[in-house]
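2 protein chains.
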Amino acid sequence: MFHTAHAAPAQAPKTPTGPLTLSAQGSFFIGGRDVTSDTLSLTPKYDAHGTVTVDQMYVRYQIPQRAKRYPITLIHGCCLTGMTWETTPDGRMGWEEYFLRKGYATYVIDQSGRGRSATDISAINAVKLGKAPPSTLPDLFAAGHEAAWAIFRFGPRYPEAFKDTQFPVQAQAGLWQQMVPDWLASLPTPNPTVANLSKLAIKLGGTVLLSHSQSGIYPFQTAAMNTQGIAAIVSVEPGECPKPGDVQPLTGIPVLVVFGDHIEEFPRWAPRLKACHAFIDALNAAGGKGQLMSLPALGIHGNSHMMMQDKNNLQVADLILDWIARNARAPRRGR
Amino acid sequence: MFHTAHAAPAQAPKTPTGPLTLSAQGSFFIGGRDVTSDTLSLTPKYDAHGTVTVDQMYVRYQIPQRAKRYPITLIHGCCLTGMTWETTPDGRMGWEEYFLRKGYATYVIDQSGRGRSATDISAINAVKLGKAPPSTLPDLFAAGHEAAWAIFRFGPRYPEAFKDTQFPVQAQAGLWQQMVPDWLASLPTPNPTVANLSKLAIKLGGTVLLSHSQSGIYPFQTAAMNTQGIAAIVSVEPGECPKPGDVQPLTGIPVLVVFGDHIEEFPRWAPRLKACHAFIDALNAAGGKGQLMSLPALGIHGNSHMMMQDKNNLQVADLILDWIARNARAPRRGR
Chain W
86 MFHTAHAAPA
96 QAPKTPTGPL
106 TLSAQGSFFI
116 GGRDVTSDTL
126 SLTPKYDAHG
136 TVTVDQMYVR
146 YQIPQRAKRY
156 PITLIHGCCL
166 TGMTWETTPD
176 GRMGWEEYFL
186 RKGYATYVID
196 QSGRGRSATD
206 ISAINAVKLG
216 KAPPSTLPDL
226 FAAGHEAAWA
236 IFRFGPRYPE
246 AFKDTQFPVQ
256 AQAGLWQQMV
266 PDWLASLPTP
276 NPTVANLSKL
286 AIKLGGTVLL
296 SHSQSGIYPF
306 QTAAMNTQGI
316 AAIVSVEPGE
326 CPKPGDVQPL
336 TGIPVLVVFG
346 DHIEEFPRWA
356 PRLKACHAFI
366 DALNAAGGKG
376 QLMSLPALGI
386 HGNSHMMMQD
396 KNNLQVADLI
406 LDWIARNARA
416 PRRGR
Chain L
86 MFHTAHAAPA
96 QAPKTPTGPL
106 TLSAQGSFFI
116 GGRDVTSDTL
126 SLTPKYDAHG
136 TVTVDQMYVR
146 YQIPQRAKRY
156 PITLIHGCCL
166 TGMTWETTPD
176 GRMGWEEYFL
186 RKGYATYVID
196 QSGRGRSATD
206 ISAINAVKLG
216 KAPPSTLPDL
226 FAAGHEAAWA
236 IFRFGPRYPE
246 AFKDTQFPVQ
256 AQAGLWQQMV
266 PDWLASLPTP
276 NPTVANLSKL
286 AIKLGGTVLL
296 SHSQSGIYPF
306 QTAAMNTQGI
316 AAIVSVEPGE
326 CPKPGDVQPL
336 TGIPVLVVFG
346 DHIEEFPRWA
356 PRLKACHAFI
366 DALNAAGGKG
376 QLMSLPALGI
386 HGNSHMMMQD
396 KNNLQVADLI
406 LDWIARNARA
416 PRRGR
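Going down the list, the protein sequences come from chains W and L. Here this note's numbering is used: the first residue of the first sequence is 86, the next is one more, and so on. Here this note's numbering is used: the first residue of the second sequence is 86, the next is one more, and so on.
All the pointers check out, no bait thrown in.
Note that identical chains are pooled: a pair holds if it fits in a single copy or bridges any two copies.
Here are the computed lysine-lysine pairs in the DSSO-like style, where the Cα-Cα straight-line distance is at most 30 angstroms:
{"no.": "1", "residue 1": "Lys284", "residue 2": "Lys396"}
{"no.": "2", "residue 1": "Lys359", "residue 2": "Lys130"}
{"no.": "3", "residue 1": "Lys374", "residue 2": "Lys187"}
{"no.": "4", "residue 1": "Lys187", "residue 2": "Lys153"}
{"no.": "5", "residue 1": "Lys288", "residue 2": "Lys99"}
{"no.": "6", "residue 1": "Lys187", "residue 2": "Lys284"}
No lab work stands behind these hints: they were computed from the structure.
Bound conformation, chain W alone:
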C-alpha cells in the first residue's frame, strides 16, 4: 500500500478480530481541588457541611503489548463523555480499541465536570434551601436531538439525513443515550481540563493529544501552558482553532486538524474551517509543522462531525494513525 501525505487508503480497513492482549489497564484521576460547603445535603439524614473534591479529571487507560512510543489521549467534545471513543452507536469498534489493536496505548478521559469527573452541586442546593438567589445557579446546557442533528451534520435539519452520510443514522438512539449535560460554563477559568491534560501529558512522558469539537482547542491551550509531554496534537473538527497570532508556543509540536464533509452547507461550520486554515498557514509560516486534512479533498465523502462513529470510522482512523506514525515526536520548545 502506497501512502503520500494526501493519498487516501484504497479502501476502508477490515475490523480487526481475534483476541486482544493487554500488558496493563486501569484508571485514575488527575487534579481536583477541595472545596468546603454548607449545602451538600437537603435532608438531615446526611451532613450538609463538609468538604468535596471537584474539577478532577477521570482517565482510563489500556496498554497493548509492545506498545508504540507515544500513547494517544482521547478527549471528547461537548455534551459527551469518554464513551465517544468506545463502541459506536451501531455496535462497531470505536477508535479506542482500534488504536489499541494498532499498537497504541490509549488514555480516555472524561472532561472535568462531566461523566465520572465530579460536578459541584452545592450552588444548586443553596438556591433550593433559599440561601442564594436563582441567578447563582450554574450555567448548564443539554443538546437536544434536533439541534445536535444539524451541529453534528447528519443532515441539513432533523430528521433529514444527507444521502451520503456516513453516520449510522438508523442507530441514532445509541448516540442520544451517550449525551450528557454540559457544565463547562459553570467551571472555573481557565478550564481545569486543560491543566489536567498538561499534568497527564507530563506524567506519561509524552502523548498525542487527540481532541474533538468543544475540546478541539484544549490541546493548543495545554501547549500554551506547557509544551512538555505533548508529542503531537490531532484536533478533529475543533469548535475553534488558535488565532494566527497565537502560534508561537506551537511551533515545536506537529499539528493535524481534520474536517469532514458538508462543511460549506452550515453557517456554524464554514467559518471554523476557514479559521483553521488560517491557523495552519500561520503555524507553518512561523516554522511549525501543521496540516489541515479535509476528508472530501481526499475523496472521502459523507463524514459527519462524529467521524469516530461514522461507518467508515476505521478508514479515517488509519489516516490519523499514518500521520501520527510519521509525525509524533519529543516536543521541541516553541520558538
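Fit chain L to the given chain W structure using the hints.
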C-alpha cells in the same frame, strides 16, 4: 488449599500479573426515555427547545477467553460510579480486573443519573430562567469527606482511622476524587437503574448481580420485577435488605450478603446487619438459599465499607468468587 463454606483462605492471594487476554470488550447503554424541554439552554447560542434522553444506564464490558458461564455485573453505591471497581485509590488491581483474570466476564455500570449516564438538568435551567420556583429544583446530595469517612467506617470519626483498618487511608485523596453528586432522589420511582438491570440480565442470558451499599437492594428489587437472567445475587454491605415478608420472589436465586468489620460500633450500620440476618433467615426458612458472610467471623479483620478497595480486597474477592462458583445457576422461579 482447603475451603469449606466458612473457612477463610489461609492468606491473601497474590495480585495476578502478566498479559491480560480478552476475547472482546465494549460498551453500550440500556434503557432511557425521551423527554421534551424548553429549558435545555440558557443562551441563544444553542436551542433551548428539544428532546433529550434520560434515565438510561451505561454499561462497559470485558470478556476473557474461555469465560465462565455467568458474567458478573458490578453495581456501585451512593456518590460513586463504576470507577469503584477499577483501580483502587492506591493503584492496586480492583475487583473488575481480578474477576476478569479469574475467568469471569465483567459488566460495569454507571447507575442511571450518575457518571456517564445522563442527568436531566432542564428543571435547574427552568428555575434560573425564572420559569419555575426554587422548590422545583432536583434533590441533590454530595457526600463530604468527613461524613463519608464514618459512613465508610475507616474510623470512628474523620480523620481518625481504626488501627486495623484495611482501607488505604494514606491514599484517601484518590477516593475523594472518585466521588460524584448523587441524583437518586430526583429520579423517577421506581429507580430506572432497577428496570435497566433487569433488561441487562435478560440480554446477557444470565448474570450474577453484585451490588454495593445504596445499590445493595437493587438486585432484590430487580428480582421482584423479574427473576429472569439473575444467576445469583451478591450484596456487599447493602444499605437495606428486603423485608422478611418479601422473600418469596427470591427463593429461586442464590443470595450472598457480605459485611465487613466494626459494624457494631456504628448506629448506622448495626441495625442494617441485624435486618440482613433476619432477611437471610426468612429466605432460608422459605426454601431459598441465602448466606450472610461476616468477614470478622471468618477471622478477617479491619474491612471497611469500601472492601473492594481495601488492602485485602483480593482476599475478599476470592471468598465471593468461591461462593459464586458453588452457587450461580439458572434461576428457578420464586415459589
